[in-house]
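Number of protein chains: 2
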Amino acid sequence: MGKERVTVIDIAHAAGVSKSTVSLVLQASPLVNEATRAKVNAVIRDLGYVYNRGAANLRQSNSKSKIIGIVVNDLTNSFFAELAVGVDMVVQSAGYVQFLANTAESVDRQREVIASMREHGISGLILSPARGTDAADLKPLVASGIPVVNVVRQVSGAKVSSLISDNHAGMRDAVRHLVGLGHHRIAFLGGFPDTAVFSERLQGYRDALSDMDLAVHDELVVSSAPSRAGGVAAIERALLLRERPTAAVCFNDAVAFGVCDGLRAHRLDPGEDFAVIGFDDVIEAQTAVPALTTISVDPQGMGRRAAQLLLKQINAGRADAEAIVSSVRLVVRQSCGAAIDKRERLSLL
Amino acid sequence: MGKERVTVIDIAHAAGVSKSTVSLVLQASPLVNEATRAKVNAVIRDLGYVYNRGAANLRQSNSKSKIIGIVVNDLTNSFFAELAVGVDMVVQSAGYVQFLANTAESVDRQREVIASMREHGISGLILSPARGTDAADLKPLVASGIPVVNVVRQVSGAKVSSLISDNHAGMRDAVRHLVGLGHHRIAFLGGFPDTAVFSERLQGYRDALSDMDLAVHDELVVSSAPSRAGGVAAIERALLLRERPTAAVCFNDAVAFGVCDGLRAHRLDPGEDFAVIGFDDVIEAQTAVPALTTISVDPQGMGRRAAQLLLKQINAGRADAEAIVSSVRLVVRQSCGAAIDKRERLSLL
DNA sequence: TGACAAAATTGGAACGTTCCAATTATCTTG
DNA sequence: CAAGATAATTGGAACGTTCCAATTTTGTCA
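Going down the list, the protein sequences come from chains A and L. With the working numbering, letter number 95 in the first sequence gets 95, and the count goes up by one each step, no holes. With the working numbering, letter number 257 in the second sequence gets 257, and the count goes up by one each step, no holes.
Any given hint could turn out to be false.
Identical copies look the same in the list; a pair holds intra-copy or inter-copy alike.
DSSO-like cross-link-like pairs, simulated, lysine-lysine; straight-line CA separation at most 30 Å [as the list claims (entries may be wrong)]: (1) Lys139 to Lys19; (2) Lys39 to Lys139; (3) Lys312 to Lys159.
FYI, nobody ran anything at the bench for these hints, they're computed from the structure. Given the structure is predicted, the values throughout are model-derived calculations rather than measurements.
Construct all of the structure, not just a fragment, from the sequences and the given hints.
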């Protein structure tokens, strides 16, 4: 049944008007008479017509395709799933539909999916770039006038907008809180040093220490993979230092969980014997034991904002690069422990 | 710069051949001479040509759009994020790209996004239907010959393929395990009774009890929203019974977590004083305290299988409804406790 | 080399829409 | 009611590709 599809011409025929009029009705033009509009709409419903955006798009400007692309580096990370939901909310209600692709940190895969999306005529792209993404990878996109908004990570040298969380301020607040609790040997654990996010967070750590008139010891900065296993490795190394840290800020929550694991392996109780602060506030942070003190970044809100920024650029027809930093806030839970002087009083006196 | 785009005609011109030949090269036809192919490909690279699938699609059959749709009811649930990743893996490597949309359980939203996807010419759809989805909602899809694969949930009466997990067997195994530990008053907690998933799991619960020659008490079946809050409410009601249960199988992991919360509110220790088993094996299940005993369903694998099934139907050009049930397995952790007779021995003797 | 087959290439129509310029219908108003 | 203004409608070209049938080129062999 219904093998060959219904076109605007079929509608025109059935409604006794021209295809041009039907087209006008389709785009809700004020030029068409109310009665005609009603009749045409009725026929459209009756015949089960479905609009062919491909055909429309062929005639119109590329930027009216009503498709945006979103590519993330790790959708299994709930941070990005939330981000995607935020994006989806605003693009859906703007009548857009989103291509979503996962790169799993592979730049090759990323190149492929971006190429594929271009072929399909996306009118904009939201990208959380895979590690190692080069500015040249984005060059053709911006050259052809497709707005791009980078989220979470930046790619240096690319003339595109970006929306990243305030890594510097977040880490600074975390360190300040620990100092306020009485810690002065605070480690910075985890993360790959060759990323912009790492540099920003590290700088926040350093600045906070300086502000509080504490020395910055490079030995206390231990990089590792930004994963649970990486966290275990990092705390192992930190505990080998002749003068041990009493607290740590971690590159992200996954590292923080690993650090807790590593501490327990050394018969140390995270939150009691050692203070730990993470970054991201993933869902598990609040249910873990001890509940993780961390920096919350509201991924869904970031997704919404990224989408709004992108739509703004699409509608403006031109995309002047704009860099937005999204504010973050410290969420205090159990893993950072109570003030250290209480414990010192107990154990030393 | 580069405002107007490069078309197949520009390529033809530059390479000194006709547009037909370029088209042949584009689709890797064996009809074209090697030397010509090489020359054309070189020009394509030089001019930075990007294939316009919209235009191609206009001429070709609808089912060659290389776009599939995937719509889920809750992407913030990591189960669905994993599922989407599984789908993405196989469609990506088949040269497809996926529209992903989140309905947040709204059938209106679902209707909108499916309509939108149709307009864009998807060649197939993977759908985890929102609650209350009617077979009529899918009718136009299948009428126009677009293959649909339902995942996780079925919609009765719809002539589409489905891939669901073995709810009956999963719940049966859970109950058997609890009976094996010595429980005989086992509650079934959470879930909306008007869903197929609920019926299947409940039936598994009932059949297991019958098989083990235990009575089925309807009072022990307490439905609720399939959420953490719902779980709290359900266990509250169950604890009011004159003859309390000593264990519970839960509709899903979220409910199970709520049940644990509720137990603690009553000074009962989940895993010690009361056995709890969930369903789904979400990521948090292994890190929670106590770690949740649950039924594992491998969402990523389901995503892969669903995508394979869909691609098969797209390529076959016809979609005879196929119902696949994906096997599940019990993962024993702490929340179901040790065998009850040990505890009884301690407390009673 | 002539005749035929096979290989390679080609122009034009078609896909379903939008847009423009042009036409026709309807309304105002003196 | 004529005539100008405005409202409503319309045919045809265009978008970038694929497909078909036809044509040209190249190869084979007696």
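Non-conforming hints, listed in increasing numerical order: none
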